[in-house]
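Line by line, the protein sequences give chains A and B. If you want the numbering used here, it's the 1-based position in the first sequence plus 216. If you want the numbering used here, it's the 1-based position in the second sequence plus 216.
If you are wondering where the hints come from, they were derived from the structure by calculation, not from laboratory data. Do not take every clue at face value.
Any copy, or any two copies together, can satisfy a pair, since identical chains are not distinguished.
To be verified - With a straight-line cut-off of 27 Å between C-alpha atoms, the simulated DSSO-like cross-links for lysine-lysine are:
no. : residue 1 : residue 2
1   : Lys491    : Lys242
2   : Lys242    : Lys504
3   : Lys491    : Lys218
4   : Lys491    : Lys383
5   : Lys504    : Lys218
6   : Lys503    : Lys218
7   : Lys491    : Lys503
8   : Lys344    : Lys218
9   : Lys503    : Lys242
10  : Lys344    : Lys504
11  : Lys218    : Lys242
12  : Lys503    : Lys344
Chain by chain, the residues:
Number of protein chains: 2
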Amino acid sequence: MKALRECSVAVVGLGLMGASLCMDLKAQHLCREVRGVARRTQTVLDAFFAHAVDLATNDLQTGILGADIVILATPVRTIVATIEEIGPRLWPGSLVMDMGSTKADICAAMDLLPAGVQPVGGHPMCGKETAGFEAAECGLYRNAPWVLSPLARTAPEALALAIELAKAVGARPVVLEARRHDRLVASISHLPFLVASALTDAVAQVGAGDPAVWELAAGGFRDTSRVAASDTQMFLDILMTNRAAVIEQVENFEHHLRQLRQLLTQADEPALRQKLSESRTARAEWKKR
Amino acid sequence: MKALRECSVAVVGLGLMGASLCMDLKAQHLCREVRGVARRTQTVLDAFFAHAVDLATNDLQTGILGADIVILATPVRTIVATIEEIGPRLWPGSLVMDMGSTKADICAAMDLLPAGVQPVGGHPMCGKETAGFEAAECGLYRNAPWVLSPLARTAPEALALAIELAKAVGARPVVLEARRHDRLVASISHLPFLVASALTDAVAQVGAGDPAVWELAAGGFRDTSRVAASDTQMFLDILMTNRAAVIEQVENFEHHLRQLRQLLTQADEPALRQKLSESRTARAEWKKR
Chain A
217 MKALRECSVA VVGLGLMGAS LCMDLKAQHL CREVRGVARR TQTVLDAFFA HAVDLATNDL
277 QTGILGADIV ILATPVRTIV ATIEEIGPRL WPGSLVMDMG STKADICAAM DLLPAGVQPV
337 GGHPMCGKET AGFEAAECGL YRNAPWVLSP LARTAPEALA LAIELAKAVG ARPVVLEARR
397 HDRLVASISH LPFLVASALT DAVAQVGAGD PAVWELAAGG FRDTSRVAAS DTQMFLDILM
457 TNRAAVIEQV ENFEHHLRQL RQLLTQADEP ALRQKLSESR TARAEWKKR
Chain B
217 MKALRECSVA VVGLGLMGAS LCMDLKAQHL CREVRGVARR TQTVLDAFFA HAVDLATNDL
277 QTGILGADIV ILATPVRTIV ATIEEIGPRL WPGSLVMDMG STKADICAAM DLLPAGVQPV
337 GGHPMCGKET AGFEAAECGL YRNAPWVLSP LARTAPEALA LAIELAKAVG ARPVVLEARR
397 HDRLVASISH LPFLVASALT DAVAQVGAGD PAVWELAAGG FRDTSRVAAS DTQMFLDILM
457 TNRAAVIEQV ENFEHHLRQL RQLLTQADEP ALRQKLSESR TARAEWKKR
C-alpha cells in the first residue's frame, strides 16, 4: 500500500469528527489530497471555504472515486448503510476506515465488502457534547485513544496504514477486536451517557416542583450531567447497535447504586465509608494514569 | 450590628472553603481582622505564612474570643459539635454562620445557642473535588450561589450582615429555609455524588476483568465520575445528615434510569428518542440560564 503522504483521503461526513480529521490532514499536509463528502450543501460550502478540504461535494460516489483511503464519519447506522452503498465503487486495494462509536455492526458490514478492499474499523475516543462542522477543530485527536478493529481479512499493511494515520494526527492507536471494544465502551462511554440523562431527568422532575433547584446547580451537577447534552441521533445509533452490552452495564451500575442506597437506608456508616473510599481511590488511580 | 468592614471575623476550619474565604477577606481588606482556627498545627502555620489570616491558632476558644462574626467551615457533624461547644463563649450580639453542605441539623443546633447570639445557616455552592488548605484560592466564591438559612430567631440585621459578607466575596446570596435547601441539594449535589461513585464502581468492576477499559476512558467518563473523587468524610457527613432526602432522590433517579433501560430492552426507539431529547433540552436550557 502507499504511504499516507501519497494517499488521496476521502472523509464521508463533515461533523465534529470528520471535519476535525480533515483539518489536521490538510493543515499539516499529511496526505496528498483531502476530500470531504457532506449531505448538506451548506456544510460542503463551509468546509471548502474554511480550507478544511481540497475538494468538497455532496455526491458520495464522486467523492470517493479513486480515493486511496475512505473514512466514514457519520452516525453508526448511516456508516453501515454507506458501506453497503459504496462497496462496488471502491478502488481495489483501497483502505476503508470508519469513526463510528460501536464496532460490531460496522465490522460485520465491512466483512461483506469486495475482496480487493481493505477494511479497518475504528473509533477515536475524543467526542465533545457539541456536534457538527462548527465544533470541528485542529488537534482534536491529540493524545486521544483511537481504537482500531481489523477484520480477519485485513492485511497487515492496511492496519499499518490505519495506525500511521491515527498517529499522524497525534492519537494513540489501540488495537481491539470489535466485540471487545463494544463491551468496554458500553461501560466507559454509553453508560455515562445514560446516567447523565437519567440524572438530568431526576433533577428536572424536582425543578418542576421547585425551580430554585436550578439556582443551586454547581459543578457537581454540571459535570455529572454534561454528556446528556450530546447529540441524540448519534447516541440512538450507538445504543441501538450495542443494546445487549449497554443493558448489561446499566444493570451493573444499578447494582452498585442500589448497594449505596441500601447502606444509607440502614445508616451503615462503616460500610458506606468503605465503599465510598474504594470508589474515590479507583477514580484517583485512573486520573494518575 | 457593625458593618462588615469593622468586624473581627473568625473562620473555624481552614480547608478549601474556610481558607478561600479568609484569603478573599484579607486580600481585599473586607473586614477589620481575619482569624483562622485549624485543628492541625501545620495548617495553622501554612495559613499564617501564606498571609491568608491575620491571626492563626489551633485553640478554638482563643480563636473565637471577641469575634464579631464566627464562621464554621468544617464537615457538617463537626459544625454541629462545635456549635454546642462554643455556645457559652460567644460574644453577645455576634453573628454565627457556617458553610456546611446540609442545613437542618446545623440550624437545629444553632437554635439552641444563647439568646444574645445571632445565627444564620449558610452553604456556598462552589466545591471542588480537591480539598484542604492547599486547594484554597482567592475568588472561589465569585458568582457562586451562597444559600443563607436564617432561623425564626434571627434578627433582620444579622441576615443583612451575612448577605453583605456573601456579596463582598462575589457570591450570589440565595435565602432558603433549611429543609427546603436540604431537599434541593439532595437532588442537585448529593445525588450526582452517589451516581458518580456508582459509575466508578461499575467501570472498576469491568476493569477488574479487562483493564483495557481504563485505556479508553475519555471525557464522558472523566466528567460524569469527577465528583466521586470528593472528600469521603465530608460526603459521609452530608449523606448521614440528609438521609431521607437523598434516598428519595436516588429512588427518583433509579426510576428514570430504569425507564431508559426498559426502552432499550424493548428496542422502543421512538420512545427512547423522545426521552433522550427531553433530557438534552433540559440540560441545554439549564446551561443557558
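Here is what the structure says about each hint:
Proximity of Lys491 to Lys242 under the C-alpha cut-off of 27 Å is found in neither arrangement, the shortest distances being 49 Å within a copy and 39 Å between copies. Taking CA atoms no more than 27 Å apart as the test, Lys242 paired with Lys504 passes in neither setting, with 34 Å inside one copy and 35 Å between copies. In the homo-oligomer, the alpha carbons of Lys491 and Lys218 never lie at most 27 Å apart, since the shortest distance is 53 Å inside one protomer and 47 Å across protomers. In this assembly of identical chains, Lys491 and Lys383 lie within 27 Å of each other by CA distance neither inside one copy nor across copies; the values are 39 Å within and 38 Å between.
With identical chains, the CA atoms of Lys504 and Lys218 are never at most 27 Å apart, being 39 Å at best within one copy and 49 Å at best between copies. In this assembly of identical chains, Lys503 and Lys218 lie within 27 Å of each other by CA distance neither inside one copy nor across copies; the values are 39 Å within and 47 Å between. Only within a single protomer do Lys491 and Lys503 lie at most 27 Å apart by alpha-carbon distance; the minimum there is 19 Å, versus 32 Å between protomers. For the identical chains of this complex, Lys344 and Lys218 are neighbours neither inside a copy (32 Å) nor across copies (50 Å), given an alpha-carbon limit of 27 Å.
In the homo-oligomer, the alpha carbons of Lys503 and Lys242 never lie at most 27 Å apart, since the shortest distance is 33 Å inside one protomer and 34 Å across protomers. Taking the shortest alpha-carbon separations for Lys344 and Lys504, both the intra-copy value of 22 Å and the inter-copy value of 18 Å come in at or below 27 Å. Proximity of Lys218 and Lys242 under a CA criterion of 27 Å is satisfied intra-copy only: 18 Å inside one chain copy versus 66 Å between copies. Taking the closest pair of Cα atoms, Lys503 and Lys344 come within 27 Å of each other both inside a single copy (19 Å) and across two copies (15 Å).
Going through the hint list in order, the structure does not satisfy hints 1, 2, 3, 4, 5, 6, 8 and 9.
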